[in-house]
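So you can see what is in the structure, the chains are spelled out below.
2 protein chains.
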Amino acid sequence: MTIERIRSYLFGEWCGDKEGQTLVNPATEEVLARADGSEQDLAGALTFAREHGGSALRALTFEERADMLGKMSAALHAAREPLIDSAVANGGCTRGDAKFDVDGAISVLAAYAELGKTLGKKKILADGEGIQLGRSPRFWGQHVYLPRRGVAVLINAFNFPAWGFAEKAACALLAGMPVMTKPATATALTAWKTTEVLINANVMPKGALSFIGGSASRVTEALDSQDVLAFTGSADTAMKLRSHPNVIERSVRVNIEADSLNASVLGPDVAFDADSMQLFLRDVVRDMTQKTGQKCTAVRRIFVPQSTLKDVEGEIAARLQAIKIGNPALKDVNMGPVATASQLADVKSGIAKLREEAELISGEPGARPQTVGVDGDKGYFHSPVLLRARDGMSAKAIHTHEVFGPCATVIPYSGDAEEASAMVRKGGGGLVASVYSDDREFTEAMVLGIASHHGRLYLGSGKVLEHATGPGLVLASCVHGGPGRAGGGEELGGLRGVTHFMQRTAIQGSRPSVENISDTKPVS
Amino acid sequence: MTIERIRSYLFGEWCGDKEGQTLVNPATEEVLARADGSEQDLAGALTFAREHGGSALRALTFEERADMLGKMSAALHAAREPLIDSAVANGGCTRGDAKFDVDGAISVLAAYAELGKTLGKKKILADGEGIQLGRSPRFWGQHVYLPRRGVAVLINAFNFPAWGFAEKAACALLAGMPVMTKPATATALTAWKTTEVLINANVMPKGALSFIGGSASRVTEALDSQDVLAFTGSADTAMKLRSHPNVIERSVRVNIEADSLNASVLGPDVAFDADSMQLFLRDVVRDMTQKTGQKCTAVRRIFVPQSTLKDVEGEIAARLQAIKIGNPALKDVNMGPVATASQLADVKSGIAKLREEAELISGEPGARPQTVGVDGDKGYFHSPVLLRARDGMSAKAIHTHEVFGPCATVIPYSGDAEEASAMVRKGGGGLVASVYSDDREFTEAMVLGIASHHGRLYLGSGKVLEHATGPGLVLASCVHGGPGRAGGGEELGGLRGVTHFMQRTAIQGSRPSVENISDTKPVS
Numbered sequence: 001m002t003i004e005r006i007r008s009y010l011f012g013e014w015c016g017d018k019e020g021q022t023l024v025n026p027a028t029e030e031v032l033a034r035a036d037g038s039e040q041d042l043a044g045a046l047t048f049a050r051e052h053g054g055s056a057l058r059a060l061t062f063e064e065r066a067d068m069l070g071k072m073s074a075a076l077h078a079a080r081e082p083l084i085d086s087a088v089a090n091g092g093c094t095r096g097d098a099k100f101d102v103d104g105a106i107s108v109l110a111a112y113a114e115l116g117k118t119l120g121k122k123k124i125l126a127d128g129e130g131i132q133l134g135r136s137p138r139f140w141g142q143h144v145y146l147p148r149r150g151v152a153v154l155i156n157a158f159n160f161p162a163w164g165f166a167e168k169a170a171c172a173l174l175a176g177m178p179v180m181t182k183p184a185t186a187t188a189l190t191a192w193k194t195t196e197v198l199i200n201a202n203v204m205p206k207g208a209l210s211f212i213g214g215s216a217s218r219v220t221e222a223l224d225s226q227d228v229l230a231f232t233g234s235a236d237t238a239m240k241l242r243s244h245p246n247v248i249e250r251s252v253r254v255n256i257e258a259d260s261l262n263a264s265v266l267g268p269d270v271a272f273d274a275d276s277m278q279l280f281l282r283d284v285v286r287d288m289t290q291k292t293g294q295k296c297t298a299v300r301r302i303f304v305p306q307s308t309l310k311d312v313e314g315e316i317a318a319r320l321q322a323i324k325i326g327n328p329a330l331k332d333v334n335m336g337p338v339a340t341a342s343q344l345a346d347v348k349s350g351i352a353k354l355r356e357e358a359e360l361i362s363g364e365p366g367a368r369p370q371t372v373g374v375d376g377d378k379g380y381f382h383s384p385v386l387l388r389a390r391d392g393m394s395a396k397a398i399h400t401h402e403v404f405g406p407c408a409t410v411i412p413y414s415g416d417a418e419e420a421s422a423m424v425r426k427g428g429g430g431l432v433a434s435v436y437s438d439d440r441e442f443t444e445a446m447v448l449g450i451a452s453h454h455g456r457l458y459l460g461s462g463k464v465l466e467h468a469t470g471p472g473l474v475l476a477s478c479v480h481g482g483p484g485r486a487g488g489g490e491e492l493g494g495l496r497g498v499t500h501f502m503q504r505t506a507i508q509g510s511r512p513s514v515e516n517i518s519d520t521k522p523v524s
Numbered sequence: 001m002t003i004e005r006i007r008s009y010l011f012g013e014w015c016g017d018k019e020g021q022t023l024v025n026p027a028t029e030e031v032l033a034r035a036d037g038s039e040q041d042l043a044g045a046l047t048f049a050r051e052h053g054g055s056a057l058r059a060l061t062f063e064e065r066a067d068m069l070g071k072m073s074a075a076l077h078a079a080r081e082p083l084i085d086s087a088v089a090n091g092g093c094t095r096g097d098a099k100f101d102v103d104g105a106i107s108v109l110a111a112y113a114e115l116g117k118t119l120g121k122k123k124i125l126a127d128g129e130g131i132q133l134g135r136s137p138r139f140w141g142q143h144v145y146l147p148r149r150g151v152a153v154l155i156n157a158f159n160f161p162a163w164g165f166a167e168k169a170a171c172a173l174l175a176g177m178p179v180m181t182k183p184a185t186a187t188a189l190t191a192w193k194t195t196e197v198l199i200n201a202n203v204m205p206k207g208a209l210s211f212i213g214g215s216a217s218r219v220t221e222a223l224d225s226q227d228v229l230a231f232t233g234s235a236d237t238a239m240k241l242r243s244h245p246n247v248i249e250r251s252v253r254v255n256i257e258a259d260s261l262n263a264s265v266l267g268p269d270v271a272f273d274a275d276s277m278q279l280f281l282r283d284v285v286r287d288m289t290q291k292t293g294q295k296c297t298a299v300r301r302i303f304v305p306q307s308t309l310k311d312v313e314g315e316i317a318a319r320l321q322a323i324k325i326g327n328p329a330l331k332d333v334n335m336g337p338v339a340t341a342s343q344l345a346d347v348k349s350g351i352a353k354l355r356e357e358a359e360l361i362s363g364e365p366g367a368r369p370q371t372v373g374v375d376g377d378k379g380y381f382h383s384p385v386l387l388r389a390r391d392g393m394s395a396k397a398i399h400t401h402e403v404f405g406p407c408a409t410v411i412p413y414s415g416d417a418e419e420a421s422a423m424v425r426k427g428g429g430g431l432v433a434s435v436y437s438d439d440r441e442f443t444e445a446m447v448l449g450i451a452s453h454h455g456r457l458y459l460g461s462g463k464v465l466e467h468a469t470g471p472g473l474v475l476a477s478c479v480h481g482g483p484g485r486a487g488g489g490e491e492l493g494g495l496r497g498v499t500h501f502m503q504r505t506a507i508q509g510s511r512p513s514v515e516n517i518s519d520t521k522p523v524s
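Protein sequences appear in the order of chains D and F. Counting from 1, one number per residue, gives the positions in the first sequence under my numbering. Counting from 1, one number per residue, gives the positions in the second sequence under my numbering.
Simulated from the structure, these hints should not be mistaken for lab results. Where hints are given, some of them may not hold.
The list treats identical chains as one, so a pair stands whether inside a single copy or across any two.
Think about it this way: if two alpha-carbon atoms lie no more than 25 Å apart in a straight line, the pair counts; the simulated DMTMM-like pairs of lysine to aspartate or glutamate are [stated by the list, open to error]: (1) K117 with D127; (2) K240 with E441; (3) K240 with E221; (4) K121 with E63; (5) K18 with E356; (6) K206 with E64; (7) K121 with E30; (8) K117 with E129; (9) K240 with D224; (10) K122 with D439.
Bound-form chain D, shown alone (with noise of 0.2 Å):
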């Protein structure tokens, strides 16, 4: 097999040809591909992407701009099969974790398409009602939303190499601004890929999409005003962009999405043969160990009551110890290994951490698992955890210690919403929560108790067992995103994501003209 070169595509052009880091099939340990170690001019490929990306885009109406974002789309969908090759491949990914990733990216390209369609042949949006701004209505009053005059510098995280770029691409561009994306390197070959379709499909303007194949950690000083930096990943990682001097000085907007120890609230009255039972256990164990529990919304805490805490136990261990890991290019693997050798390291001290405040239920924490496929010890598998807080209120860790692959510790209550609550408040803020209940009161006390932590609850019961597309499934309908620990931003949700990357502007005039304004026609 040939190793791959993945280069950088800036100034309208791939450049990059200094080999830079090693990139490693994470089940086997073969060398895929080198990224760019060249010293790129980031600060001047912003501004090639300022003033030609930018003017270009602005240029064109939302519906224009649609009409882009569902060529993209459709040229990521006839090249799905390459880039879900990729994905198990550099990502450690099944064949269903890989499909995650890039029908994620297809299809929030389309929605964005979509929702672009319905603006129309405008530039300006206008946001909400004309308002009367003095006695007369001829003083007259519009928000608008226009494009920021910068770049969307788009950083990524590892585990969804194509989603993670096409989920905050799609808004930037719907809304008029070029976008710089960077993808985490160990994983970068599929972003790579994803750009080279793109890019050869010759959709979109010159300067729109730039793409680092290398290290960005210059970019930062190179930030403008206007900019917008979207950021997904740790939490130390964000804490450094979000300080630089240069991010402070100028108020760049930040966007992040960092750590999240996402709950699920088992309700006291769900009976162990209920429908939202069944629901429950499903959402869980997928959550566990779809992506290898590699997923910003993977469930890391459940909070089941006493009631019926020994059967759901039972019940979550039994379908863990069924998952057959290994090689996850095999068709009978359920879980591939974690995306780096770091990564192993971080889950495996992670674990011991947390046991230090919880019990064993099952797996094997530390050791190697029994993988098929695989030669030898190569690769970086885990098996699923699961833990048992000893006690969730007195608890540090478990609340604020995310392991980011296949382990989740069981926290259990008395079955108070009040209780659970406070416990789930104890994350210090998340991007989902989920509740199965189909008691009205139980589930309205969880929503008033924890909405004001989350960006996103999910609830859970008997009446949605065969609609609901589960806490971990980022729609790009709903906004993604949480308070505090989770980076504080927000992503998608329809319109709500586009406007983060435009500027709103309240407009104030005669009528007449404030209304011909925000109705305005296609100029340039």
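Please arrange chain F on chain D, whose structure you already have, making use of the hints.
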């Protein structure tokens, strides 16, 4: 006259017996009051506010919170005269300036009381329409807003001790968050009296309002992830707050309103005798002299086409020269001093900096002007100063250094909207820009050219001569804030300003359960 003692209101009681900083009358330098010099337990006070104020406010419906705001407004209205007197004495305000602040506070509370009534007997605010999430309408989504479970810490600037507090507090309290407010010490007398009136009115639950009458330098280290920090003031202090490790680590939501080089652009179509010229001249002169130019929305850069440059400069200069400067307690005085000795020093050095790139048209930079009703050389007075940029395109300081006083710079331009836009954007982001023109194409080109850099655009034309409120006036119904140099924050704008103190959450579940929750009745 007795020297007043400003105390803090924390833990639901007045406290702080140690004498702190001295507050003076900036026209006479007479000592008026002493601030709280105690080292207050702000971390403890925040916890008290979160626990008592937060839960009490969350237990109220929007309608009940609105009723509270209405009573707050009425209480301030009943104390209007002593508050105005205080603003005149401590703020260097003419009676007109003082009313601008005090009546602004009364009216913004009343405006949010009105708005809150329309939200009804609910505690959850729906955001947008419900969304079908799957193929069947059974699985349903709805975005909602709930109050953040923290404290809104409001740090205000010296120029609007009453309104600056009220506009932030109205939004936070309607959202359901308790408020801890810290005025700029130099003009804290009016802020303290405002708080006293509100506490004595006994219309807020315990813990809903706290007041720091001394130093708040240690409040940042005590903030938690659900708190909101809203700051109006200098870019330097804004940077310090925003880069504080605790603020960064906890993703504390920060809303900043900082420096702004507000622009006013006169269109090339406006003849000297046009109505729009009258509006322009009136607005510019009012902005330069109202509150002695100490308004964050005051015009700092005046773009004038070459065609009318001479006439416009002459007329503005003539009007400025007619301004009577002196003790603002006197009826015939049009403009008082700046607020402090250090502000005066900053104004002088700032004008000197601008003069490196500009000629003097009118005023006496750095000199003490003729004053009425003041002994000798007492007070922090400066004459209105009008400058003319030598070359707006190459100028640096004129676009980046805000002189917070009665000074503005005329920047000649060709009459081309693209050229004017490019120069306006050199301000790096501002709160408001105004465009005066009766030419629809020119106005539209300016909007498309500069909206990205502003939170508000004010379009002056002959049609609104008798109706327009001036670019300097901030209305509760329109957003106030701006990107980049202006801090990247946003306040007011009706409900928009309320949601900054809430968490947006996507609720997903069965359609009846989601609809039931987003229409939640007043349960506690």
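Against the structure, test the hints numbered earlier, and report the numbers of the ones violated in rising order.
Hints 2, 5, 7 contradicted; others consistent.
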